[in-house]
Amino acid sequence: MAQGCEAQRRASPVKDMTGAPIWYVVFEALDGERTAVLDELSQLGCIRGNLERSYSPRDEIVFGRGANASVSRMYHRGLAQVVAVKKMNSMMELDAIERELATLLQVQLHPNVIGCHGIFWSVEEELPRFSLVLEAALAGDMLNQVLHVGVLTEPKAKPLFAGMMQGLAHLHDWDIVHRDIKAENILLVSEETGVRAVIADFGLATWLSDSVQMARRCGSPGYVAPEVCVGTPYGLNVDVFGAGVVLFFMLSKDMPFVSRDRDTAATMRKTVKCALHLHRPPFDAMSSRVRGMLRETICKSPDDRLSSERCFTPGCRAGAPRGRTARAPSGRRAPSTPQRLRRRPRQRLSPQDLRPRRQ
390 MAQGCEAQRR ASPVKDMTGA PIWYVVFEAL DGERTAVLDE LSQLGCIRGN LERSYSPRDE
450 IVFGRGANAS VSRMYHRGLA QVVAVKKMNS MMELDAIERE LATLLQVQLH PNVIGCHGIF
510 WSVEEELPRF SLVLEAALAG DMLNQVLHVG VLTEPKAKPL FAGMMQGLAH LHDWDIVHRD
570 IKAENILLVS EETGVRAVIA DFGLATWLSD SVQMARRCGS PGYVAPEVCV GTPYGLNVDV
630 FGAGVVLFFM LSKDMPFVSR DRDTAATMRK TVKCALHLHR PPFDAMSSRV RGMLRETICK
690 SPDDRLSSER CFTPGCRAGA PRGRTARAPS GRRAPSTPQR LRRRPRQRLS PQDLRPRRQ
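Taking this note's numbering, the leading residue of the sequence shown gets 390, the next gets one more, and so forth.
Calculated from the structure, these hints are not laboratory results. Be aware that one or more of the hints could be misleading.
No more than 25 Å apart at the CA atoms, straight line, and that leaves these computed lysine-lysine pairs for DSS-like [as the list claims (entries may be wrong)]:
no.: 1; residue 1: 642; residue 2: 662
no.: 2; residue 1: 689; residue 2: 659
no.: 3; residue 1: 642; residue 2: 689
no.: 4; residue 1: 476; residue 2: 547
no.: 5; residue 1: 689; residue 2: 547
no.: 6; residue 1: 659; residue 2: 642
no.: 7; residue 1: 545; residue 2: 642
no.: 8; residue 1: 689; residue 2: 662
Let the hints inform the model, and build the full structure from the sequences given.
Structure (structure tokens):
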């Protein structure tokens, strides 16, 4: 790398809060070749400070806004590639940002998981602010697709659901639970061969080994599983429940347990009862395979749910083996948070703690 980029590399005596040494790579110029190397390093989790030099806004298109972040469209200055830039709220706790970044980076390079092109940081009003550069899903999300275009037929819903479950199976192979599977977080990427479903927004994702996080009751009402509603221990199959609700929504433009007045408490009570009615339109006219899939994903007991892998396995049907218990993938240890992004005791950092230090 030093030969091709003529970069000045120095070992820094600075260490992070886990005691791990931090390396800084200092580039004295940024032509096309050097930018390409920086882009590759970004995809590995290196944090950069040159967002505006690498990506141009061009327009003011905003994909979405939330309490903790906003997502807008930008363009790679060298490649003219369209990307989505998620700018985190500067008041977000660093632990939450670390978990989102680390879990997302852990499961990269899967076609049904949103691609991450880089992580950038800046200082705004004396507070650090992080930005994620992500794959742009210009076809929107599943919620807008169903609300504005209409319900999906079985043939159209099948590959999108299978892709969603393949992405979930990839997460679950790493013992990562998403915890917020819903229509808004299933993005659609248009390709020559069709539309690809990708899982996005890892803001609530965590590892099964994180006992503190796994004790939290979190998720979106209407999608969250019954065991989360009642506060009992849960595992990977909460994601399968949410995916089943997404499939229900894709096919009907309706939700199985949301109350008419959208009351959250009433929705949670209906979710706990988990009385699924598939004998009325439009489900009464659908195939037994689709109805069986809905019954074995949107069910009260997590032990009765199909695993994410079984949901897209050819020939999967009602009565197939249920979800596996949480374990490390065969032949490899379930990874903890990467050393640089490991969860640490909460501590408020100043901008000076995060700035690269001059040697």
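Going back to the hint list, which numbers does this structure go against?
-> 4
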